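Please put together the full structure from these sequences, using the hints given.
Chains as they are written, first to last, in our numbering: chain A, 1 to 369; chain B, 1 to 71.
There may be inaccurate statements among the hints.
[Unchecked claim] No more than 20 Å apart at the CA atoms, straight line, and that leaves these computed lysine to any residue pairs for SDA-like:
{"no.": "1", "chain 1": "B", "residue 1": "K48", "chain 2": "A", "residue 2": "D360"}
{"no.": "2", "chain 1": "B", "residue 1": "K52", "chain 2": "A", "residue 2": "D357"}
{"no.": "3", "chain 1": "A", "residue 1": "K220", "chain 2": "B", "residue 2": "L30"}
{"no.": "4", "chain 1": "A", "residue 1": "K220", "chain 2": "B", "residue 2": "I27"}
{"no.": "5", "chain 1": "A", "residue 1": "K21", "chain 2": "B", "residue 2": "G25"}
{"no.": "6", "chain 1": "A", "residue 1": "K220", "chain 2": "B", "residue 2": "A36"}
{"no.": "7", "chain 1": "A", "residue 1": "K31", "chain 2": "A", "residue 2": "R364"}
{"no.": "8", "chain 1": "B", "residue 1": "K52", "chain 2": "A", "residue 2": "G356"}
{"no.": "9", "chain 1": "A", "residue 1": "K226", "chain 2": "B", "residue 2": "I10"}
{"no.": "10", "chain 1": "A", "residue 1": "K220", "chain 2": "B", "residue 2": "S2"}
{"no.": "11", "chain 1": "A", "residue 1": "K220", "chain 2": "B", "residue 2": "L32"}
{"no.": "12", "chain 1": "A", "residue 1": "K220", "chain 2": "B", "residue 2": "K52"}
{"no.": "13", "chain 1": "B", "residue 1": "K48", "chain 2": "A", "residue 2": "Q355"}
{"no.": "14", "chain 1": "A", "residue 1": "K220", "chain 2": "B", "residue 2": "D29"}
{"no.": "15", "chain 1": "A", "residue 1": "K220", "chain 2": "B", "residue 2": "R35"}
{"no.": "16", "chain 1": "A", "residue 1": "K220", "chain 2": "B", "residue 2": "K48"}
{"no.": "17", "chain 1": "A", "residue 1": "K220", "chain 2": "B", "residue 2": "R67"}
{"no.": "18", "chain 1": "B", "residue 1": "K52", "chain 2": "A", "residue 2": "K21"}
{"no.": "19", "chain 1": "A", "residue 1": "K220", "chain 2": "B", "residue 2": "I10"}
[To be verified] If you want the ones that stay clear, here's a sample from chain A, every Cβ over 10 Å from chain B, calculated:
{"no.": "20", "residue": "N32"}
{"no.": "21", "residue": "L138"}
{"no.": "22", "residue": "S176"}
{"no.": "23", "residue": "G279"}
Calculated from the structure, these hints are not laboratory results.
Bear in mind the structure is a predicted one, so any value in this text is a computation, not a measurement.
Where is the CB? At the ideal position from N, CA and C, for every residue including glycine.
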Amino acid sequence: MLQRLYIHNFRCLENFELTIKGMPSALLIGKNGSGKSTIAYALEVLQKISRGTNRVGDLVKQKDFTRGRSDVPIRFEIEVLLQDKLYKYILALELPEKFKELRVFEEQLLVSGEPIYSRKEAQVTLHTSLQNREAQFLVDWHLVALPVIQEQSETDPLRIFKTWLAHMIILAPIPSLMTGESNGDTLEPKRDASNFGEWFSGLLSRYPAAYTQIVQYLLKVMPDIKDFLNELIGKDSKNMIVRFQENKANLSVDFEALSDGEKCFFLCAVVLAANESYGPLFCFWDEPDNYLAISEVGHFITSLRGSFRNVGQILVTSHNPEAIRKFSNENTFVLDRKSHLEPTLVRLLSDLSVQGDLVDALIRGDIEL
Amino acid sequence: MSVNHYQPHIFVLPEDDANRQIVNGFILDLNLNSRAIQVLPPAGGWTKVVEKFTNDYASTMRQYRHRRLFC
Chain A
1 MLQRLYIHNF RCLENFELTI KGMPSALLIG KNGSGKSTIA YALEVLQKIS
51 RGTNRVGDLV KQKDFTRGRS DVPIRFEIEV LLQDKLYKYI LALELPEKFK
101 ELRVFEEQLL VSGEPIYSRK EAQVTLHTSL QNREAQFLVD WHLVALPVIQ
151 EQSETDPLRI FKTWLAHMII LAPIPSLMTG ESNGDTLEPK RDASNFGEWF
201 SGLLSRYPAA YTQIVQYLLK VMPDIKDFLN ELIGKDSKNM IVRFQENKAN
251 LSVDFEALSD GEKCFFLCAV VLAANESYGP LFCFWDEPDN YLAISEVGHF
301 ITSLRGSFRN VGQILVTSHN PEAIRKFSNE NTFVLDRKSH LEPTLVRLLS
351 DLSVQGDLVD ALIRGDIEL
Chain B
1 MSVNHYQPHI FVLPEDDANR QIVNGFILDL NLNSRAIQVL PPAGGWTKVV
51 EKFTNDYAST MRQYRHRRLF C
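Spelled out as structure tokens, the structure:
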């Protein structure tokens, strides 16, 4: 469970703190440019680190400093509750004068307040723990240390944290890029869902029981679906085919030929099955209502909220009235920014006084912080 | 698929925003057939609930006999 996210000096996020402790699902609303998607980009930086990208230059660029203010470090802090222990990871990146590429200024991983490792520029200290004796070593200051420190076992806190981060699902899907073809498999979907085929293959090859869950969900939204196949089309390549049946008539359709909305149903089914199979997962879905019929939006959001209610956590953004109405004031965050020169502000909707209907107030543009 | 008009289903018409939020909590129950229930936008007061029921929903309830409305 993500408890707290703190971001400073990254794009429009200055001294920005999002606290979603105890919220299995939450919604971010706000005008265009208020910073909703930037939160996903910040989470993606941390996700990339856990997935093995550790060159700072591949994670953030000079243009990511708020208003080009490169004399102040970019800071990311994330606090996560995993197996009843609070993990806190801190990463600060700086760009000293005459440097072309950002470097690590500070890095630290703590579990329940005890440091696992800490770092100041190139100097890394691995603290004494059950797995390790205290050790100090140097790491190139253009590289983040988290992916390069050796995990000792399956129960190593380093591994638990990295696995959780790597499995984090950040989605802003572009259905036209979801072809259903795959070369290999993965449990690490991309933001645009362009590797959906690989994710689907990875999930089913490692957790075959997920098939039943996927079908169960799809049958609710597409009652004429019969089954789906992941056929071999080459040595390592597969292609998804969906079969429909009604009144004993059959139809096979390439996944690629499905509509954008139908592809999103498949994506939702896989998100839900993934959370059940190798969760608890954290999912950030930027505008999940995109591409959906208005009669589907509410059911779609309720399915996501319901499935993450007991396991995992989901954070979504939306401009859609139907999606917004499926959340309560206690788990809706309003983001606002006075101008492009000012930082993003965030407040819980229940802390604001909204006159009349929320959606009407949003249409009027009356909700400001 | 949205609610099946030819199977028993229920529309919930919340009187106001507070009622909408209560219903949101209710529909998250995993034992509920979420495809048999559809929550409508809040009416904005009891008078408007009656108005919407009379003008918009009563005729559709005659058309689809498995439809129920909860206000």
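How the hints compare with the structure:
Of the pairs offered as hints, the one joining B:K48 and A:D360 holds, with about 16 Å between alpha carbons and a cut-off of 20 Å not exceeded. With a C-alpha separation of about 16 Å, the suggested pair B:K52 and A:D357 falls inside the 20 Å cut-off, and the hint holds. A C-alpha spacing of about 14 Å is found between A:K220 and B:L30, which places the hinted pair at or below 20 Å, so the restraint holds. Simply put, A:K220 and B:I27 have alpha-carbon atoms about 16 Å apart, close enough for the 20 Å limit, and the pair holds.
The suggested pairing of A:K21 with B:G25 holds, with an alpha-carbon distance near 18 Å, which does not exceed 20 Å. Distance check on the hinted pair: A:K220 and B:A36 sit about 11 Å apart at the alpha-carbon level, within 20 Å; holds. Proposed proximity of A:K31 and A:R364 is supported: the alpha carbons are some 11 Å apart, at most 20 Å. About 18 Å separates the Cα atoms of B:K52 and A:G356, which keeps this hinted pair within 20 Å; it holds.
A C-alpha spacing of about 27 Å is found between A:K226 and B:I10, which places the hinted pair above 20 Å, so the restraint is violated. Proximity of A:K220 to B:S2 is assessed by CA-CA distance (about 9 Å); at most 20 Å being required, the pair is judged to hold. Distance restraint check for A:K220 and B:L32: the Cα-Cα separation of roughly 13 Å lies within the 20 Å cut-off, and the hinted pair is therefore satisfied. For a cut-off of 20 Å, the pair hint linking A:K220 to B:K52 is broken: about 29 Å separates their Cα positions.
Between B:K48 and A:Q355 the alpha-carbon distance is near 18 Å, which keeps this suggested pair within the 20 Å criterion. Straight-line distance between C-alpha atoms of A:K220 and B:D29 comes to about 17 Å, which keeps the hinted pair within the 20 Å bound. Under the criterion of a C-alpha separation no larger than 20 Å, the hint pairing A:K220 with B:R35 is consistent with the structure, at around 7 Å. Only pairs whose Cα atoms come within 20 Å are accepted, and A:K220 paired with B:K48 is rejected, the gap being roughly 33 Å.
Between A:K220 and B:R67, the direct Cα distance comes to roughly 19 Å. Compliance with the 20 Å bound is thereby established for this hinted pair. The suggested pairing of B:K52 with A:K21 is violated, with an alpha-carbon distance near 39 Å, which exceeds 20 Å. With a CA separation close to 17 Å, the supplied pair A:K220 and B:I10 stays within the 20 Å bound. With a least beta-carbon separation of about 23 Å from chain B, A:N32 lies farther than 10 Å from that chain, consistent with its non-interface assignment.
Non-interface call for A:L138 relative to chain B: holds, since the shortest CB-CB distance, roughly 51 Å, exceeds 10 Å. The non-interface label for A:S176 is consistent with chain B: the shortest C-beta to C-beta separation is roughly 23 Å, beyond 10 Å. No beta-carbon of chain B comes within 10 Å of the beta-carbon of A:G279; the shortest separation is about 15 Å.
Checked against the numbered hints listed earlier, the structure breaks hints 9, 12, 16, 18; every other hint is satisfied.
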